[in-house]
Amino acid sequence: MDAPYPGTPSWVKAVLAVLALGVLLVLTLHLAGVSPRH
Amino acid sequence: MRAPCARILLASHIASSVGWLGALLAFTVLDVATATSRDVATLVAAYLAMDLVARWAIVPLAALALASGVAVALTTRWGLLRHYWVLLSLVLTAFAFAVLLLQLPVVARNAALAREAAASGSGLAAPGNLLLHSVGGCLLLGFVLVLNVVKPRGLTRRGWRLRHEA
Chain A
105 MDAPYPGTPS WVKAVLAVLA LGVLLVLTLH LAGVSPRH
Chain B
2 MRAPCARILL ASHIASSVGW LGALLAFTVL DVATATSRDV ATLVAAYLAM
52 DLVARWAIVP LAALALASGV AVALTTRWGL LRHYWVLLSL VLTAFAFAVL
102 LLQLPVVARN AALAREAAAS GSGLAAPGNL LLHSVGGCLL LGFVLVLNVV
152 KPRGLTRRGW RLRHEA
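Residue numbers (my numbering), protein chains in the order written: chain A, 105 to 142; chain B, 2 to 167.
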């Protein structure tokens, strides 16, 4: 019998969580109208 | 694939990927200059240089890195969709390349404004900087570089199935 798939590794979940937070941060900055100007 | 061809492909992938990161770091230095300087000559020079670096170094290197990465993955035991580190590298690199292409018109517009200011001798209206994208791009490419060196374990569902069918 084939061994069952062990699932997504925890490091992949951690990376995806950090990326999701990054996307949320960028979206929040855009929606708040934060645009660095000199 | 024959060994010499595989080595040339891998060498071109490493060179273009590291070159992309290096060119982006140079772009970021110029971007920081546009964000911090008020000297018109510095701003004009920086915006013109950013346009040249983006068009003649970053875009060609990024395209070569992406294409050679896919070619290396498909011609080695790693495959393109078998290991999470390869899949993540592909997705993040493709995302970085797409953002790069979307930002090119902004870089070109800033350079055009700088050219006008240099020609007319007038001041340069602050067109803004791209720090979010350039710094974010450096961090993203740095992460992909680490991922490619460490090669953390983890098979995708497809990779698991292929390994157990073999």
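Careful, some of the hints might be misleading.
[Said to hold, decoys possible] Not the full set, but computed from the structure, chain A residues with beta-carbon under 7 Å of chain B:
(1) Pro108
(2) Tyr109
(3) Trp115
(4) Val116
[Claimed, not checked] Far from chain B, by Cβ distances over 10 Å, these chain A residues were calculated:
(5) Pro110
(6) Pro113
(7) Leu125
(8) Gly137
Keep in mind that the hints were calculated from the coordinates and are not lab data.
The beta carbon of each residue, even a glycine, is placed where N, CA and C say it ideally should be.
Hints, one by one, checked against the model:
| no. | hint | in the structure |
| --- | --- | --- |
| 1 | Pro108 | violated (9 Å) |
| 2 | Tyr109 | holds (5 Å) |
| 3 | Trp115 | holds (6 Å) |
| 4 | Val116 | holds (5 Å) |
| 5 | Pro110 | violated (8 Å) |
| 6 | Pro113 | violated (4 Å) |
| 7 | Leu125 | holds (13 Å) |
| 8 | Gly137 | holds (13 Å) |
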